[in-house]
Amino acid sequence: AQKITQTQPGMFVQEKEAVTLDCTYDTSDPSYGLFWYKQPSSGEMIFLIYQGSYDQQNATEGRYSLNFQKARKSANLVISASQLGDSAMYFCAMRGGEDTGGFKTIFGAGTRLFVKA
Amino acid sequence: GAVVSQHPSRVICKSGTSVKIECRSLDFQATTMFWYRQFPKKSLMLMATSNEGSKATYEQGVEKDKFLINHASLTLSTLTVTSAHPEDSSFYICSARAGGGAGGFKNIQYFGAGTRLSVL
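Protein chains in written order, with my numbering: chain A, 5 to 121; chain B, 1031 to 1150.
In case anyone wonders, no lab produced these hints; they're calculated from the structure.
Quick reminder that beta carbons are idealized off the backbone N, C-alpha and C, glycines included.
Heads up, some of the hints might be wrong.
Stated by the list, open to error - Quick look at which bits of chain B chain A covers, simulated, 3 or more residues with Cβ under 8 Å:
(1) 1045-1052
(2) 1104-1115
(3) 1141-1147
As the list claims (entries may be wrong) - Below 20 Å or equal to it, Euclidean Cα-Cα: the simulated SDA-like pairs (lysine to any residue) are:
(4) A:Lys-7 <-> B:Glu-1089
(5) B:Lys-1085 <-> B:Thr-1061
(6) A:Lys-108 <-> B:Gly-1083
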């Protein structure tokens, strides 16, 4: 069965510093996709970054990068130069293949990030 | 990025009434739409997956007769909470994805802004 684990319920970071949000996953499917979403207090889920299981390079999107370590089954999100607007809930998600859920996306428990001025 | 519109954003209703929530993909055709429920300070729980023109696939433990899903077109899916009760109060979020599922892992799921349902 697929599983996503986010072990950090809350994280603090100083403005302008970098922060890493942890995510580990488990799946028996050889092909899968990993996602990170941001959920501000308004509730909307905002797509941040995607990593495919066969991608050779770590994904990057502006200040966001994904530290993908396939052997360790981890997909940590790195936010560089944190801004006050980055304060939000962050969810790691995975979508597997037909063998492990029929292309459904499952979400981790989330990490609440607080950026301090 | 793609836009998914969800309406209403907030609804308060009396126990026993039915509530309909709409989810529209505004600038793309969504072959698959998803409905999630989120409890306070909790993660998203997938309720059902719907493909245009076919019946929704519900997750284990989700009552089909309580949560009616209709995916009538490639841009519209509706969730109707029938005979709502206080325990149905929650944050409901829809999500839409373009393209097929097979091999399309990069088909990003875009989310609506959510609907906060309060049943009195």
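Of all the hints given earlier, name the ones this structure violates by number, lowest first.
1, 2
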